[in-house]
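Residue numbers for the sequence shown follow this note's numbering, so the first one is 30 and each next one is one higher.
These are computed hints drawn from the structure, not numbers from a lab.
From the three backbone atoms N, C-alpha and C, an ideal C-beta is built for every residue, glycine too.
Treat the hints with care, as some may be off.
Claimed, not checked - Label-pair restraints from in silico Cβ distances:
| id | residue 1 | residue 2 | range |
| --- | --- | --- | --- |
| 1 | Gly-123 | Lys-155 | 19 to 29 Å |
| 2 | Met-76 | His-137 | 21 to 31 Å |
| 3 | Gln-136 | Lys-82 | 17 to 27 Å |
| 4 | His-167 | Leu-104 | 13 to 23 Å |
| 5 | Ile-65 | Arg-116 | 26 to 36 Å |
| 6 | His-167 | Ala-81 | 16 to 26 Å |
| 7 | Asp-111 | Lys-66 | 16 to 26 Å |
To be verified - When the alpha-carbon atoms are kept at most 25 Å apart in a straight line, the in silico DSS-like pairs for lysine-lysine are as follows:
| id | residue 1 | residue 2 |
| --- | --- | --- |
| 8 | Lys-82 | Lys-138 |
| 9 | Lys-97 | Lys-66 |
| 10 | Lys-97 | Lys-147 |
| 11 | Lys-138 | Lys-155 |
| 12 | Lys-122 | Lys-110 |
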Amino acid sequence: TTEHTQASSALFFQYNTQLGPPFHILVDTNFINFSIKNKMDVIRSMMDTLYAKCIPYVTDCVMAELEKLGAKYRLALRIVKDPRFERLPCMHKGTYADDCLIQRVTQHKAYIVATCDKDLKQRIRKIPGVPIMYISNHRYTIERMPDAYGDPRQ
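Produce the complete structure using the sequences and hints provided.
Rendered as structure tokens:
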């Protein structure tokens, strides 16, 4: 017999039923930068996509990455320091944000991950029940969410 890891009881087929408003959204560095490039207000656009209150979360790693990028990304840093963005402290060594986000999402499947990074999206797709928010043709879209919450239009 083969041993199979048990799926979370929160999953209904491939959708996570634990996700409900207010949505907790883990934001990646490049998501903020792309939002600025597309001249989009992060929180308002999230609310327009999900039709509900959204709480964006920023980990210490993402903050450190934005600080490392220097003066060119000062605006992104200012957006992230907005009081509406919640800070999540990191306990691990190093400041590699991708691993940090993956680890956090694997532990608690109560987050939506907002990223435009292809590699990170591939890694998140392997974790069942974690929706991904990304930017395509100048608006936020979300995959792996029930249709009621702005699923990408086919």
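Tested hints:
Between Gly-123 and Lys-155 the C-beta distance comes to about 22 Å, which sits within the given range of 19 to 29 Å. Between Met-76 and His-137 the C-beta distance comes to about 22 Å, which sits within the given range of 21 to 31 Å. The hint said 17 to 27 Å for the Cβ distance between Gln-136 and Lys-82, and at roughly 23 Å that hint holds. Checked against the given bound of 13 to 23 Å, the beta carbons of His-167 and Leu-104, roughly 18 Å apart, stay inside it.
For the hinted restraint 26 to 36 Å between Ile-65 and Arg-116, the CB-CB distance of approximately 20 Å leaves it violated. At about 21 Å, the CB distance of His-167 to Ala-81 agrees with the hint of 16 to 26 Å. For Asp-111 paired with Lys-66, a C-beta distance near 18 Å keeps the hint of 16 to 26 Å intact. Between Lys-82 and Lys-138, the direct Cα distance comes to roughly 18 Å. Compliance with the 25 Å bound is thereby established for this hinted pair.
The suggested pairing of Lys-97 with Lys-66 holds, with an alpha-carbon distance near 19 Å, which does not exceed 25 Å. Pair hint Lys-97 plus Lys-147 holds up; C-alpha atoms about 21 Å apart against a cutoff of 25 Å. For the hint linking Lys-138 to Lys-155, the alpha-carbon distance of about 13 Å falls within 25 Å, and the restraint holds. Distance check on the hinted pair: Lys-122 and Lys-110 sit about 22 Å apart at the alpha-carbon level, within 25 Å; holds.
Violated hint: 5 only; the structure is consistent with all others.
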